[in-house]
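S.K.: Each protein sequence line maps, in turn, to chains X and G. Residue numbers are given in the numbering used here: position 180 of the first sequence equals residue 180, and the series is strictly consecutive. Residue numbers are given in the numbering used here: position 391 of the second sequence equals residue 1391, and the series is strictly consecutive.
There may be inaccurate statements among the hints.
Restricting the straight-line Cα-Cα distance to at most 20 Å, the calculated cross-link-like pairs of lysine-lysine (PhoX-like) are [claimed, not checked]: (1) G:Lys1334 to X:Lys368; (2) G:Lys1201 to X:Lys48; (3) X:Lys288 to G:Lys1141; (4) X:Lys340 to G:Lys1340; (5) X:Lys207 to G:Lys1340; (6) X:Lys405 to G:Lys1368; (7) G:Lys1204 to X:Lys93; (8) X:Lys204 to G:Lys1087; (9) X:Lys48 to G:Lys1207; (10) X:Lys151 to G:Lys1207.
If you're looking for bench data, these hints aren't it; they were derived computationally from the structure.
2 protein chains.
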Amino acid sequence: MELLKVDSLEVAKEKLYNEYKKGLGIEIEEVLVSDSFNRVIANNVISKVNVPDFNRSTVDGYAVLAKDTNGSSDTIPTFLKVVAESKMGEECKTKIVSGECVYVPTGGMLPIGANAMVMLEHTENLTNEKIAIYEATPEWKNVVHIGDDIKEEETVIKKGKKISAGDMGLLSSIGVESINVYKKWRITIISTGDELVSNEKDYKFGKIRDVNSNLLLGLCIENNFEIVNKFLIKDDENDLREIINDCKKNSDVVVISGGSSKGKKDLSAKVIYELSSTGVLTHGIAIKPGKPTITAYDKKTNTVLIGLPGHPIAAFLLFKLLIVDLYEKITCEKNKSLQKYLELCISENLPASPGRTTFQLVSIENDKAIPIYGRSGLIHTLSMAMGYIIMEENQEGINKGERVKVYYL
Amino acid sequence: MELLKVDSLEVAKEKLYNEYKKGLGIEIEEVLVSDSFNRVIANNVISKVNVPDFNRSTVDGYAVLAKDTNGSSDTIPTFLKVVAESKMGEECKTKIVSGECVYVPTGGMLPIGANAMVMLEHTENLTNEKIAIYEATPEWKNVVHIGDDIKEEETVIKKGKKISAGDMGLLSSIGVESINVYKKWRITIISTGDELVSNEKDYKFGKIRDVNSNLLLGLCIENNFEIVNKFLIKDDENDLREIINDCKKNSDVVVISGGSSKGKKDLSAKVIYELSSTGVLTHGIAIKPGKPTITAYDKKTNTVLIGLPGHPIAAFLLFKLLIVDLYEKITCEKNKSLQKYLELCISENLPASPGRTTFQLVSIENDKAIPIYGRSGLIHTLSMAMGYIIMEENQEGINKGERVKVYYL
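All chains should be modelled from the sequences, with the hints used to inform the complete structure.
M.R.: So this is what it looks like as structure tokens:
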């Protein structure tokens, strides 16, 4: 029997990335800021304005010349003349000189000449036109300067950032109403297997319920991809060829799960070979689980073709390691997240697995990483797992109590 | 001037939770598993089936009686008679006895009587009916037992879990096609302020661009809430009353941002007081930033009313600390995430802030938490921040190099 000639994970990723780069890349579209949550921004955003664009009060009170308040206290107040009121949302055109002040509400504009705000609590209204000030107030106290938050020409968001709620607020604050983002990848999911059924009414003893369609659907939503087609088909070469050929036209990625191991019914590799401009780039990756994985790229339609193992955990991992990884690499995606892993002690010995990179699912209890065992087909483990640890090809086993990096699942 | 009588954050949360519990709670709806990503499941899921529900081969090869292979090796093969072939997705009704075997593909059903699988690689096809076996194979080698993954009557997902891609696969594997989940909260967002403008064509010098609408919109999407109404209104008591009264009918939460401090234009508290069955529960929380916050609940319409500070960072934090927190508490939401905080050393001294709980935004560089300073109105800091640390009311300052918990933003 012919054995798979396997690539390391790094080589498989590199080959796919290099081919994809030769194509048209990921398209860019303009979206409203209100529609931009979790989208990856495609260029730097430079502010055209200062924020604030006027000296703004952070309190309700009186705008003054700081030096006028020198020496003021509860027992020795300073008396100032109120010459105007600054109104929220309006330009304050008044100019004050020594001995004068202007009422300014929180968020309002300081009059020309003023360089500090005295809080209302430290003043007393004597007449309509005269107030007493009971506190010495240093320069620029209770004032946000022009440009204190954001300066004109400042780069406020960098290309590749995944837009957060905070970024949406930031963009609104500088008057940006729409931004360029990378288009969501349109994904086709094809599950193959004579044994698979997609709903209970078709279920008979001996059949297998299709797990990967909903699993991969969930992963697409999680990663902000759009599902454009979803198929469950028999192991029929002609059907598979026809569907992939058709879906290439409106998909950025076609994912075929199942049928990628060298068994009796290995059709995916053959069909993927025929329908991609590169032929098969990788057929077999030296990782556990996930060996029977196929990658290819069709330049004509700018479509990535991925054959994932039928085993759910392997399909899950490879979707992340190949497809999500490629999108992030191409878009330079940077998340604001704290960290992608956590360092914890492992609860038991883990044997080495020479010659291939091993992904071990773990749960976490009492600050310890606890390996979850199960053959790669066991979907239950995926629901329980909180992360995974990676054992490199040449790494020796890990001893109980050793610190390991637990990556987010 | 009347000062706010403030609650601690814990008291404010407790008051709101206790009132909300007296009402109708959060409704439950049935959704397809394919539509359930990130939804919070409302009851335990108990499997009605075993997974797998037959003894399943994990390899392509021959199902045998393990004892028949005793002593087999490359030089001394065992010869067995092939009596049938198990087909993928079909029941295998064959029963084998000593000396017999059945071909079974990966994922196929073992025949009755078989208790091990010999990999194809360790066999040789001699004639159509006869094979040689070159490896001794222990009992249950290469076989997944009935119920190995999931047992009938086993609780596979617990109430309150936020459904992940893995859970969607798990549910499919046991034939569950729809589940009960808590309804998404329908949120109304109202920004108030004479000075606010929602788009550039209305902008004039002195105006403030509305930041909170898009900021809170992003937070709603992030937390899987649905925005049913979005308003930007002037500081007009009648308008505010009319809109809140109207929106209570189709909203689970009405969020009013701005207008909650005791300034000239504090209308929110008055209107919220009138329109809630509880009156104002909390007016002012002893946290920094975020003091001028209002909570109330209207039992008749089952609506939570929240007045958030106008300052974006305060609004952002309080949305999480009050609204997201309440939804999680009511639904018993449990995420599968690794951990909600990270322990890091702080890069500089932080002064104490007696009498109120302080939330300090931080970024992270070289495994150190770096405080990001800025008055609470400075939206830029929110975009840069990666998390926050909490200093309790009675806590002394934190010294440079001390370990702190950095919570995810």
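S.K.: With reference to the structure, classify each hint as holding or not holding.
M.R.: Going through the hints against the structure:
Using a Cα cut-off of 20 Å, the hinted pair G:Lys1334 and X:Lys368 holds, with the two alpha carbons roughly 19 Å apart. Proposed proximity of G:Lys1201 and X:Lys48 is supported: the alpha carbons are some 15 Å apart, at most 20 Å. For the hint pairing X:Lys288 with G:Lys1141, the CA-to-CA distance comes to about 19 Å; that is within 20 Å, so the pair holds. A C-alpha spacing of about 13 Å is found between X:Lys340 and G:Lys1340, which places the hinted pair at or below 20 Å, so the restraint holds.
Distance hint between X:Lys207 and G:Lys1340 is unfulfilled; the C-alpha atoms sit about 41 Å from each other, more than 20 Å. Between X:Lys405 and G:Lys1368 the alpha-carbon distance is near 18 Å, which keeps this suggested pair within the 20 Å criterion. A threshold of 20 Å between alpha carbons decides the hint, and for G:Lys1204 with X:Lys93 the separation of about 14 Å falls inside it, so the pair holds. Among the hinted pairs, X:Lys204 with G:Lys1087 is consistent with the structure: their alpha-carbon atoms are about 14 Å apart, no more than 20 Å.
The suggested pairing of X:Lys48 with G:Lys1207 holds, with an alpha-carbon distance near 16 Å, which does not exceed 20 Å. A distance of roughly 17 Å separates the Cα atoms of X:Lys151 and G:Lys1207; the hinted pair therefore holds under the 20 Å criterion.
This entry does not satisfy hint 5, going by the numbered hints stated previously; all others are met.
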